[in-house]
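Taken in order, these protein sequences are the chains called A and B. Note that this note's numbering has the first sequence beginning at 2, numbered continuously upward. Note that this note's numbering has the second sequence beginning at 731, numbered continuously upward.
One should not assume that every hint holds.
[Claimed, not checked] Below, simulated EDC-like cross-link-like pairs (lysine to aspartate or glutamate); rule was C-alpha separation at most 16 Å, straight line:
#, chain 1, residue 1, chain 2, residue 2
1, A, K73, A, D53
2, B, K989, A, D51
3, B, K900, A, D118
4, B, K857, B, D875
5, B, K989, A, D53
6, B, K857, B, D946
7, B, K857, B, E839
8, A, K73, A, D51
9, B, K857, B, E902
10, A, K229, A, E179
11, B, K899, A, E179
12, B, K955, B, D1011
[As the list claims (entries may be wrong)] Derived list of chain B stretches under chain A, where covered just means 3 residues or more per stretch with a C-beta under 8 Å from a C-beta of chain A:
#, stretch
13, 887 to 899
14, 987 to 1000
[Claimed, not checked] So the derived label-pair ranges between C-beta atoms look like this:
#, chain 1, residue 1, chain 2, residue 2, range
15, B, E753, A, S40, 31 to 41 Å
16, A, V75, B, C966, 36 to 46 Å
17, A, P173, B, F861, 53 to 63 Å
18, A, G148, B, K900, 50 to 60 Å
19, A, I66, B, A970, 49 to 59 Å
Calculated directly from the structure, the hints in this document are not laboratory data. No residue lacks a Cβ here, since even glycine has one placed at the ideal position from N, Cα and C.
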Amino acid sequence: MQILPPNNGGGKGQGYPSLASSSETFEQQPTGNWRGVFSITSYTQYFNIDTDVVLNRLMGSLSPIDGSFFSKIVVNPDIYGPIWISTTLVFMLASLGNWATYLMEKHAGKGSSWTFDVNYVNVAAIAIYGYAIAVPLGFYFLLQYLGSNANLVQFWCMWGYSLFIFILSAFPLLIPVEILRWIIIVAAGAASACFVGSNLRSYVDGADATIVVIAAFFLQMALAVFIKVWFFS
Amino acid sequence: MSHSHSDTIPLHASSQSDIDEIENLINASVLSGPATVLPARPPSPPRAQIPVSSSPFIPSNIPPPPLASHQKPTPVPAAPPPPPVSSSSQGNRTVSSSGFGSAPNTLTEPVWDTVKRDLSRIVSNLKLVVFPNPYREDPGKALRDWDLWGPFFFIVFLGLTLSWSASVKKSEVFAVAFAVLAAGAVILTLNVLLLGGKIIFFQSLSLLGYCLFPLDVGALICLLKDSVILKVIVVCVTLAWSSWAAYPFMSSAVNPRRKALALYPVCLMYVSVGFLIIAID
């Protein structure tokens, strides 16, 4: 089921899809409102979400073993979550990373040489946005190549929500004890990677599924280690 | 400088030199009396606007915002400095040719009057947005008279203040602050539109820019007095003030079930700017 962009143009032709219509015609709904790349109404279908649904999905992203995330989002995948979770994570990494460096230097006794490093914002933005956009895209093409039916918007949604754990773990990472920071980041990375892996496995069943799942797991762990090494060392 | 007679205002039939014509116009405006700064004329062509309050739309009784030149959508903060008299005069001429008969008087007004009019609009918008008074007579006025000069000044001022307080990498700090604020205003507006909300793009940019004023004050205080505790307190207070000022406009634009989704990014942007203010020293 391809969504983006569909080649068969506007099916229903109505402006703002309501929740009722989206649930009863979910096979048609993704293609119904595409008005071109530069029209805002084409994208409102991916933001058709309420506060309580977003909170529900955020809570769902915290359970690493469940594997039922895709069933939550299959009807109405949203891009609101991934965008604002990534943006919040960029801000958290830049600000708390600076603060953590300051605390580390104060703890080590030479706190006067610290200055605010604006470069953290740039690195955080490139790393997080790049990861959140490129990795699901890569897996989408990989799974298309392997023959299974993948849905790009759902992949973006799932990977975006998987970053929520890092936002929560950014606060404990302030504690300026090196071994504690490593434990926290490995735990958070493992939880997030299990979330991605178990959801991916429930999505693609097949012989190659194991390799794909393991690759996703390792990429998520690599992101976690990068966050620790660059921002909180 | 050539001056073709085809665009002479048809008061003088005979051909004259440039200087004579302008002198005559000045004399004519002086003779016609002092009340030429805000000419009375039919309401300006409707600017895109959506009333925020639930009360019926009250047509404004004050003289409408002047001149077609200000109704062209100005690009967000890369707007050029106030246009020189000649370009505003071209706007006047096209306006006058379409029937607003008293517009030519602003052709000859001193530049200070033009600037003063813009400044008074900025101040009145500021009072309406940042110090909202629940008993004011016309709640939708700030939305109707939106402009982009105010937001531009506030964003640049905040960038300059942060850059001044930074001890290293000053230009990078300015760039980050400016980019975050400008891109942030655009993205927040798009966010509201994508959530199905009803808001006009430039109105929203204007409002978000005006709501930065408390943070500007906070940044200035933090620049002058360098103590961490004071900075934290000042930033928290001004942050709360900015968010409180932006709350009614953002929350009334979307479906009530999605209010938090529209407000969270606003708070995120102001918190990130507040953090920049605290952290730069």
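Here is how each hint holds up against the structure:
1. A:K73 / A:D53: holds (13 Å)
2. B:K989 / A:D51: holds (9 Å)
3. B:K900 / A:D118: Satisfied, since the Cα-Cα distance of roughly 11 Å is no more than 16 Å.
4. B:K857 / B:D875: Holds: K857 of chain B and D875 of chain B sit about 13 Å apart, inside 16 Å.
5. B:K989 / A:D53: holds (11 Å)
6. B:K857 / B:D946: Measuring from Cα to Cα gives roughly 15 Å; hence the hint holds.
7. B:K857 / B:E839: Violated, at about 27 Å.
8. A:K73 / A:D51: holds (14 Å)
9. B:K857 / B:E902: Measuring from Cα to Cα gives roughly 32 Å; hence the hint is violated.
10. A:K229 / A:E179: Status holds; Cα separation ~10 Å.
11. B:K899 / A:E179: It is violated: about 29 Å lies between the C-alpha atoms, which goes past 16 Å.
12. B:K955 / B:D1011: OK: K955 of chain B and D1011 of chain B at ~11 Å, within 16 Å.
13. 887 to 899: holds (count 4)
14. 987 to 1000: holds (count 8)
15. B:E753 / A:S40: 31 to 41 Å: violated (53 Å)
16. A:V75 / B:C966: 36 to 46 Å: holds (42 Å)
17. A:P173 / B:F861: 53 to 63 Å: violated (40 Å)
18. A:G148 / B:K900: 50 to 60 Å: holds (55 Å)
19. A:I66 / B:A970: 49 to 59 Å: violated (40 Å)
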